[in-house]
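Undergrad: Given next are the chains, with one letter for each unit.
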Amino acid sequence: MIPMSDQYEQYEAIVVGAGPGGAAAAAKLADEGIETLVLERGVKAGAKNVSGGLLYAEDSAPYAIDNLYPQIRLEATERPITEYYIQNVAGSTVKEYDLTRLHEHDTRWSDAVLRRKMDSWLAERVHERTRETGGGLLSGIKVNGLLREDGEIVGVTCDEIDPIRAEFIVAADGVNSELARDAGLMNWEDPEQWFQGVKATVEAPNVNDRFDIGPQEGVAHLFSGDLFDGVRGGGFCYTNVDTLSIGAVFHLDSLVESAAEPHELLNALLEHPVCSQWIDDPYREVEYAAKLVPDSKKVAHPDPQSDRLVLVGDAAGQMQAQGPIIKGMNHAVTAGALAGEAFAGAKRRGEPESAGERYVERLYESGTMAKLRPKRYERVRPIAERERATEVVDRLLESPIGRFGVRALDATGLLKRLYSSPFMSMSIPDTQTPYVTLPTVIAETLGEPVSDDTTVDPPSLEQRIGELTYDTDIGNPHIELLDNSVEASGAAVTACPVSASEFGGGCYREETIASNGSTKDVVSLDTQPCIECGTCAVVADTAWEHPSGGRGVEFRQG
Amino acid sequence: MHSIVLTKGVPDFREGQVSFDEDGHLERGKTPTVMNPNDEHALQAALQTKVRHGGRVSVMSMGPPGYGDVLQEAMESVYADDLYLLSDRELAAADTWATAIALSTGIEKLGLPDLVFAGFKTADGETGHTGPQTCWALDIPMITHVTGLSVDKDERRVRARRLVEGDVAEIETVEAPLPACIVVDSEFESDYRTAGEHLALKDLRETTVERAAEYDQHLTTWDHTDLNLDPDYIGLDGSPTIVSSVDPIPKPPAEREATMVDPGDAEAMGELFDEMAALSGGA
Numbered sequence: 001m002i003p004m005s006d007q008y009e010q011y012e013a014i015v016v017g018a019g020p021g022g023a024a025a026a027a028k029l030a031d032e033g034i035e036t037l038v039l040e041r042g043v044k045a046g047a048k049n050v051s052g053g054l055l056y057a058e059d060s061a062p063y064a065i066d067n068l069y070p071q072i073r074l075e076a077t078e079r080p081i082t083e084y085y086i087q088n089v090a091g092s093t094v095k096e097y098d099l100t101r102l103h104e105h106d107t108r109w110s111d112a113v114l115r116r117k118m119d120s121w122l123a124e125r126v127h128e129r130t131r132e133t134g135g136g137l138l139s140g141i142k143v144n145g146l147l148r149e150d151g152e153i154v155g156v157t158c159d160e161i162d163p164i165r166a167e168f169i170v171a172a173d174g175v176n177s178e179l180a181r182d183a184g185l186m187n188w189e190d191p192e193q194w195f196q197g198v199k200a201t202v203e204a205p206n207v208n209d210r211f212d213i214g215p216q217e218g219v220a221h222l223f224s225g226d227l228f229d230g231v232r233g234g235g236f237c238y239t240n241v242d243t244l245s246i247g248a249v250f251h252l253d254s255l256v257e258s259a260a261e262p263h264e265l266l267n268a269l270l271e272h273p274v275c276s277q278w279i280d281d282p283y284r285e286v287e288y289a290a291k292l293v294p295d296s297k298k299v300a301h302p303d304p305q306s307d308r309l310v311l312v313g314d315a316a317g318q319m320q321a322q323g324p325i326i327k328g329m330n331h332a333v334t335a336g337a338l339a340g341e342a343f344a345g346a347k348r349r350g351e352p353e354s355a356g357e358r359y360v361e362r363l364y365e366s367g368t369m370a371k372l373r374p375k376r377y378e379r380v381r382p383i384a385e386r387e388r389a390t391e392v393v394d395r396l397l398e399s400p401i402g403r404f405g406v407r408a409l410d411a412t413g414l415l416k417r418l419y420s421s422p423f424m425s426m427s428i429p430d431t432q433t434p435y436v437t438l439p440t441v442i443a444e445t446l447g448e449p450v451s452d453d454t455t456v457d458p459p460s461l462e463q464r465i466g467e468l469t470y471d472t473d474i475g476n477p478h479i480e481l482l483d484n485s486v487e488a489s490g491a492a493v494t495a496c497p498v499s500a501s502e503f504g505g506g507c508y509r510e511e512t513i514a515s516n517g518s519t520k521d522v523v524s525l526d527t528q529p530c531i532e533c534g535t536c537a538v539v540a541d542t543a544w545e546h547p548s549g550g551r552g553v554e555f556r557q558g
Numbered sequence: 001m002h003s004i005v006l007t008k009g010v011p012d013f014r015e016g017q018v019s020f021d022e023d024g025h026l027e028r029g030k031t032p033t034v035m036n037p038n039d040e041h042a043l044q045a046a047l048q049t050k051v052r053h054g055g056r057v058s059v060m061s062m063g064p065p066g067y068g069d070v071l072q073e074a075m076e077s078v079y080a081d082d083l084y085l086l087s088d089r090e091l092a093a094a095d096t097w098a099t100a101i102a103l104s105t106g107i108e109k110l111g112l113p114d115l116v117f118a119g120f121k122t123a124d125g126e127t128g129h130t131g132p133q134t135c136w137a138l139d140i141p142m143i144t145h146v147t148g149l150s151v152d153k154d155e156r157r158v159r160a161r162r163l164v165e166g167d168v169a170e171i172e173t174v175e176a177p178l179p180a181c182i183v184v185d186s187e188f189e190s191d192y193r194t195a196g197e198h199l200a201l202k203d204l205r206e207t208t209v210e211r212a213a214e215y216d217q218h219l220t221t222w223d224h225t226d227l228n229l230d231p232d233y234i235g236l237d238g239s240p241t242i243v244s245s246v247d248p249i250p251k252p253p254a255e256r257e258a259t260m261v262d263p264g265d266a267e268a269m270g271e272l273f274d275e276m277a278a279l280s281g282g283a
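In order, the protein sequences belong to chains F and S. First residue of the first sequence: 1, per our numbering; consecutive thereafter. First residue of the second sequence: 1, per our numbering; consecutive thereafter.
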């Protein structure tokens, strides 16, 4: 009834997603006086965000978050990470290496963060700064696609409001970016290109005593070896102000092959003495969370732009995970700021349409792309990731000769130096060898037994789901199962972090249906417990969208 | 655009709040006063007009000085700019007619706005008269049962969608010139379809939180002398309606039969399920 104007609303720039990447883009755009609208689908910024989470500021990067939001470390992060270790685990023996030197390489600072707190802090500042330009930040609004005119991208469409035109669109809408998919730039098909992270935020009122650190100090432990039933991946434990972020990140293809349950693998870490020694008794979990993580080596888009659209952060696959180096948010910040800068410059020159190309040029010039897609990895990959080669190396490592070699390397200090080498970590292949075999052999050969009295009794998956906050859009499921055969979609039953075989309260389950005298196993889906990680979009045959603005899961920690 | 929203404080009839004596009469003293729930829709309609077209929203009520809280609540939900309370002994115990005389005089003193909004019926009197009678006294067009609204500021016209419930419910779209009076239906839905409107709402919310905390700074109280009203035409003396008696409606006695079932008794539970299956309508 309300007469709709024939003209769509228009802003100079639209930023989709109010995470660190979106916040960085908005800051640069607003500081250049560009009218910037920021749209966030969470009920509050941070409500949809999960990270491990260490946030880095790199010496070599053109931007870090504190260049754009100077108060952030004082007001919104948890603790600076001042010690960094890797624990190689084999059974109950553990060999620790101090990786603080590697951690500090190219690092101006690195803080543990919880995303709900940090992102909502950022969002307030984003709103203040963008409001001055005539824009502002709106949460609870879901951008669901691109507005096109004559085939060209000219704006965005939303669930809650009318389409909006813009001269520049920054898709900072995360790992499952619907805009990146709509633009044909990214897809979620190959499990080899993705990781899945699962995390528990754990109460830890005595962090300082347990880790023997001061209030302005923090510790990061990485875990590798035979913790995860042979699934390729690693664990982490980071100190927050009064909680711990304990989690694990797995290669999605490995998770699918092993039909492993992510929540059980997380429990294996929590219950292992190498980790439980840091946990208070009784165990109290604040939040269970999970997220899909792009492997930038494989999916960082080499040209993440199209017409007026640019992709930044996870949306562009800009998540660097190479051995013990795990960096995502910092690259999103750099990319966001470069995108904002590119548009401001292009507009000044009177050629706003060149912003996308300029952004990509700057990604390469600034060295960001070289970190995301290291040449060294590309060179090593064809040899190192061949199955035969992996097998030979693994057998060799496990043989007496390999063990002797490991011992010799350790005795000369070379092993520690290799672990601490940023050069080495850039070329770590994605195989069993560095994630499982080598750490296991190291721990078996050099490790010492670890024991701990703490009994960690993690909640059941049902309890974990029950503790999460949801605003379910009843009768309007956001994921549709296109093929319910076990062959096409059965992998989701185990790989989905809120589903499990023999568990009826999750998203995916296997059912036997009887028809015409025969029975058939099928997969069924109930999106109510969905935590929107996107795993099933990769491993099952689905039509996958996010819920509408403000609906679905609401993380309180992230 | 200037809008005036009429609101009334009513007993809080929600369970746990309302209090009745042994005879079933409402105990006013023990029951808190809240803003009439239907007025919320009038406030939302006024807010939509302000968000879309800018301008000012005033909220007006007639009642005892304690109505300040009600006006504060109204201010918060509509992000109102100023509040008006018509209050003194001479105005008390008015019926809808005498109330309409007082309200329309207050509105004229403030200056006739572009739109006057009223909710449909109060939760206590339930007559639904006050809005239309006030409108009649102001001698401006009136649209009732409004569920959706748009204003053409340049043409100075209002277009409204109204719900007409006869044998079948119909939706009728009507237009009127400004100034006009809008009686808002409880089915009214605000409609914000642009980012600009959402941003304006967010701005209003931020500024109103502070303003509502010190709402009395924005509250003007008028008595009958301020309004130049003759006591014979207002309050109890000016009310032609006489309530002869109020009879409580007796609660109907429960007529359902109850059968106790022990959940531990498998046989009895089985029978219960069999009985329920017949009612479930499905398999």
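Derived by calculation from the structure, the hints in this document are not laboratory data. Glycine residues also receive a C-beta, built at the ideal position from the N, C-alpha and C atoms. You may find that some hints are simply not true.
[What the hints assert, rightly or not] Not close to chain S: a few residues of chain F, all C-beta gaps over 12 Å, as computed:
| no. | residue |
| --- | --- |
| 1 | 127 |
| 2 | 139 |
| 3 | 140 |
| 4 | 161 |
| 5 | 350 |
[Stated by the list, open to error] Pairs of lysine-lysine, BS3-like flavour, derived with a Cα cap of 30 Å:
| no. | chain 1 | residue 1 | chain 2 | residue 2 |
| --- | --- | --- | --- | --- |
| 6 | F | 375 | F | 298 |
| 7 | S | 30 | S | 109 |
| 8 | S | 153 | S | 121 |
| 9 | F | 44 | S | 202 |
| 10 | F | 375 | F | 416 |
| 11 | S | 202 | F | 117 |
Undergrad: Go through the numbered hints given earlier and state which of them the structure violates, listing their numbers in rising order.
TA: 1, 2, 3, 4 and 7
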